[in-house]
Amino acid sequence: MAETVSPEFALDESDERTVLRLTGDWTVQHVQDVDDALRALNVSSPLAVDVSDLGTLDTAGAFIIDRTLRAAGSDEEGEPEIIGEHASAARLIAQIHAVSSPAPESPPQDGSIRALLDRTGRTFVHIAAESISTLAFLGETLVTCARLIVQPWKLRWTSIVAVMEESGLDALPIITFLSFFVGMVIAFIGATTLKSFDLEIYTVELIGYSELREFGVVLTGIVLAGRTNSSFTAQIGTMKMRQEIDAMQTLGLKPMEVLVVPRVLAMLIMTPVLAFAATLAGIAGGVMVAWLSLDINPGVFIVRLRDSVPIDQFWVGMSKAPVFGLVCVLIACRQGLNVGGSVQSLGRATTTSVVQALFSIIAIDALFAIFYMELGI
Amino acid sequence: MTAEPIIRIRDLETRFGTHTVHEHLDLDVQRGEVLGVVGPSGTGKSVLLRAIVGLKQPSAGTVEVFGKKLDTLSDEERRGLERRWGVMFQDGALFSNLTVRENVMVPMKEHTNLGPKLSAELADMKIRLAGLEPDAGDKFPSDLSGGMRKRAALARALALDPELLFLDEPTAGLDPITAAGFDTLLRQLQQSLGLSVFLVTHDVDTLNAVCDRIAVLGEKKVLAIGTIDELRAFDHPWVQEYFGGPRGRAATGH
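Sequence lines, in order, name chains A and B.
So that you can map any letter, position 65 of the first sequence is 65 in UniProt numbering, and since no number is skipped, the others follow by simple counting.
So that you can map any letter, position 178 of the second sequence is 178 in UniProt numbering, and since no number is skipped, the others follow by simple counting.
All the pointers check out, no bait thrown in.
For the chain B half of the interface with chain A, some residues (derived, Cβ under 7 Å), not all of them:
| no. | residue |
| --- | --- |
| 1 | Ser96 |
| 2 | Asn97 |
| 3 | Thr112 |
| 4 | Asn113 |
| 5 | Leu114 |
| 6 | Leu118 |
| 7 | Leu122 |
| 8 | Met125 |
| 9 | Arg128 |
| 10 | Ser192 |
Computed spacing ranges between beta-carbons, pair by pair:
| no. | chain 1 | residue 1 | chain 2 | residue 2 | range |
| --- | --- | --- | --- | --- | --- |
| 11 | A | Arg242 | B | Glu133 | 21 to 31 Å |
| 12 | B | Glu241 | A | Lys154 | 40 to 50 Å |
| 13 | A | Asp53 | B | Glu241 | 52 to 62 Å |
Hints in this document: simulated from the structure, not taken from any laboratory.
These numbers come from a predicted model, not from an experiment.
Beta carbons: idealized from backbone N, C-alpha and C, even for Gly.
Extracted from the complex, chain A is given alone in its bound form (with noise of 0.2 Å):
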């Protein structure tokens, strides 16, 4: 690039004009120079701009001239008056000057105690929004897959397997290592704890109680919000970002029907089956703890976990899979409907996906614990 000259300007001034002389590159690259001296300038007769020593001139140079020539308020109406002769600084001004009008000031920031009220306000009233349209559509959901049932044929099979296979049996292995590591650390946990009364062969129960009732079920729920939830809500708001969604609608397909349906019933025949796979592997990993450090032979251990822990026990558990399953599939799906057009919102709608499944698996989770309390069981 060729060696630039910074930018800079003289004033003339006479009784008729002041004129600014301009020398030097006046482009992009140097024009924050000479940006604040003119801001500053106040001159009180017409002004007109020299040229005819000026260098480089481009834009935003033109751009600056023009500004300041109208704050001079020499040509709110006319054009911009320019003297001496240059290349091409006439009509490049005249071209800028056509475009730029002074800039409507932005009303200022609100940052008072009002600004936190209308904000609290406004969180409020979008929380109870968000829990309304949340039951809306799962009473949409309901009311669609009941259609569908008693009309089997229209069914999408094919999707219903392909995200049993994808969400369900791909999940199995990260859920069952997870689990296995869980169950050996409760045993652990209650061996050393059990071992100061000379309780150790409590672990069983403590193990068998745990796993059926509340850590196999609740350590799906988590794996699969965090898992299935995010990549349904990035699947389903990548296809509304990109318009497949309304090309469906248009071709006579209902995106509920498609794509909320089949992953709606592919999980509520999952969720469970993963659940019971975690909660058989969280057992096997307290058999081997207590294998190993408590010397409780695995056979003692089956022998004594059906008889001392009532298989209730595992039916409260089941129970809850397929509702975790439900919740987490319903939000994905909403949170992924509700993306817009941007990369931003399908980012906050994994997110919210994601937050919102985990924070429903843990409150449901606890309610069911009341329910199943004052139950008895």
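With chain A's structure known, arrange chain B on it following the hints.
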């Protein structure tokens, strides 16, 4: 105007896997000219653009921009080069998490010492220059229509007053009036700033209105290059069909 071409491509070969897009392609763009690039779909017009700006690594041959080979430049030199060109992609490629004004300010922030106030003012000016309403600056790209997005993308490409402008289908999908406005704008800017423009387009009106020369891509190389009248006389079925067809004739008034 110097004799040194602003873009010099020699013996370029690009390929995707086993599929060869260009082979032994030579092309020069002179300083201060608007070169239109046309060709049937799939002849690698956009790929050629990507190869020139360094987004696609050629498998053979050389590409020189401003007399420098891109792949031999240091990062520092490369940045200096990027400051001197502006690229407008086919779909706009605006940053969707920034407003239009912020989009236009990105190159200013990156490559100049402009303060926030001045660069915001300049961005507003560019936005209006590109033909958008002033209030478009506060909008996000997702709130704009396709045509407005193109204009916003042009505003960003022009942010630093580049010497060389790459435009990928700037008028595709625009209504004829907007497209004609775009052509006029381009011509005006080109004349007052002495821009060199590398323009990929399908729009015969644009070719006729703004291009000094037109290069026709086909059969993996440049089939023909010349003014629109020279090309009309060129003996090749596609070129004949393109400029001699009803649309081509209407646009050039023959």
